[in-house]
Each structure stands twice: as structure tokens, then as C-alpha cells.
Amino acid sequence: MKIELYIAQLLYRYQCVTVPGFGAFLTEIQSAQLNESSNSFSPPKKRIAFNANVKNNDGLLANHIALAEKTSYDYVLSAIQHEVFNWKKALEDNNILAIKNVGDIRLNGDKNMIFTPYDQANYLTSSFGLAPFVSPLVKREIFEKEIEAIVDTTTIKMFPEETKASNPYLKYAAIFVIGLGIAGGIGYPMYQNQIAAETIIVETAVQKQVQHKIQEATFFIESPVPPVTLFVKSDKAVKMPYHIMAGVYREEKNADKTLRILTNLGYNAKRIAPNKNGFYPVLYGSYATFAEAEKAKKEINIKHNPEAWILIQSL
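Read in order, the letters of the sequence shown correspond to residues 390 to 704 in the working numbering.
The set of hints was computed from the structure by calculation and includes no laboratory data. Glycine included, every Cβ here is placed at the ideal spot set by N, Cα and C. Please note that a few of the clues may not be correct.
[What the hints assert, rightly or not] Lysine to aspartate or glutamate pairs mimicking EDC-like chemistry, simulated, CA-CA at most 16 angstroms apart:
(1) Lys489 with Asp463
(2) Lys444 with Glu696
(3) Lys435 with Asp508
(4) Lys659 with Glu641
(5) Lys477 with Asp493
(6) Lys489 with Glu393
(7) Lys665 with Glu696
(8) Lys628 with Glu393
(9) Lys444 with Glu472
(10) Lys435 with Glu458
(11) Lys391 with Glu472
(12) Lys391 with Asp482
[Stated by the list, open to error] Just the calculated beta-carbon pair ranges, DEER-fashion:
(13) Pro433 with Phe474: 29 to 39 angstroms
(14) Pro630 with Ala487: 28 to 38 angstroms
(15) Gly667 with Lys444: 13 to 23 angstroms
(16) Arg660 with Leu456: 34 to 44 angstroms
(17) Val523 with Ala487: 20 to 30 angstroms
With the hints as constraints, model all of the structure from the sequences given.
Pasting the structure below:
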């Protein structure tokens, strides 16, 4: 059974698709991108990552295949195990595994899986129909040169030709204007100096009165008002979609027991609603970013549970 098709179908609807016994494909929404070197724009999309530590069966892939193939759940589980065996053998033989429409997985020198996603498929449904496009380059230099050429060829006439004719009365008007200019040039600075001096005197008097009022006011403040501290409560709740899974239990009492143990160990553990298979999930804690969840998971893998994995879901 080829399960690549079903993995690709689930990536459109879910943030995490786990292949039991192999690993999990995780998706994270990436905003629109601008490539300045090529003047190209890319629409928002889901960026696919791979986590080889998440191997527990959550039932999502097996249930989806069972419904699509109209067969039993147990048969699908055995078929997935057989396909995972072939994948691991292909990695050991060729050091590369190509998963159609999802990505390539390679083994490095330390035999760790390195995942390279395919960029051709966009699993973000809200970006359906949007394709990358290249914007033509805006040639601003040519436009500026055209403006400079227009400015250089334009001649501005300051006086019309009709004013060239001489008028005898203009001579007397010019003499009168020059006289006023000389008188203003001498009298106006003196007037300005006088205004400035009077302004300084008024401002000094006002400052003295203000200082006197301030000194008087201080004697009447017998019991100053205590400082008031305001607390502003934000109504916007922080979304924490990244959860570290401790386990999924068939019996509710086992889930409650694990919850008590983790709480006593100091974890901010909690139970979430049963999944569609009727199992009871238990979390170590929830985080706002994938980086915080990944850091906490590594510590939990070392100190408490090497099988803990990250669930990406808005609860």
C-alpha cells in the first residue's frame, strides 16, 4: 500500500500527520515572501517539517486510509508497518527516500534523518489558486533623466517685454521707496530692541510671582495623596497551540493516574478532551511557540520520557 497520497491529503487539513513507527510531518504557516534579487512574490503557504522522534500512533493516518480504502483498521496498521519497513530499507540502501508531493529524506553521516520539503505543493487551503509572480522592475533613473532634460530646456522670463519702456514717474517712486527702506533699516532695529527689553522685564516679574505662588502652595500640602497603582488586564488570551504529549490512554483512570504523577513532578500537566477514537490524551504542558515546545520536549526526553512528542493543535 502506497501511503504517500494519503499523507499529502491529510496535510491540507491537519498540522501534524504521524506515520507510526517512522516519524511525523509537521506544518507551520509561512507568510507571503518577497525575493528582492528576482523581484518575485510568493503567496502564504504551509511549511513542512519532519520530526523522527514522534512515532506513536495517533490513529489519524490509519483511520483515514481505512475509510478511503473501505477496509479494516487493523489491516491498515499492518500495511503501514510494511510500508515503513520498505522506507527504512530504502534509506539504508540508497541513503535517500523520496515521498511523493511531500519531500525527500536523507541520512547524514550520523545516520540521522534530514528532511527536504517539496516547494511545488502548497498545502494552505486559503492560498488556493495563488501562484508566485514576478514584478517588472521600476526604472526610476530614466524618468529622473527625462525630468532633468525638461528643466534644462525650459527658459524662464523674469520680466515681460512690455516693461522695458521707460516711465519718468518710476524714478521718483524708486527714490521714495529707497528712502523708506533706509529709515526702516535704522528705526526698526531700535524698535525691536525696545520691545525685547520690555518683554524681559515682564517675564522676570511673572517668574517671580509664579515662584512665590509655588512656595506658598507647598505649605498647605499637609497630607499628600498616596500614589495610585493601576493594573490593566488584557482580554486577549495568548494562544498556545504547541503541546507535549505524555500519552494517549484507552482507560480514563490510567489517564488520571498519569496526570497526578506529572503534576506531582512539577509539570503543568493537563488532560484534553477524548479524541474521535475515544482515547484520553494527557499533556506535559502547552506552549506559545514551536521553539519553546521543542526545548521543553528535549528536556523531557532526557529526564523523564524519551517517547514524548509535540502535538500542534488549537485546543
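Tell me the hint numbers this structure goes against, listed in increasing order. 1, 7, 8, 10, 12, 16
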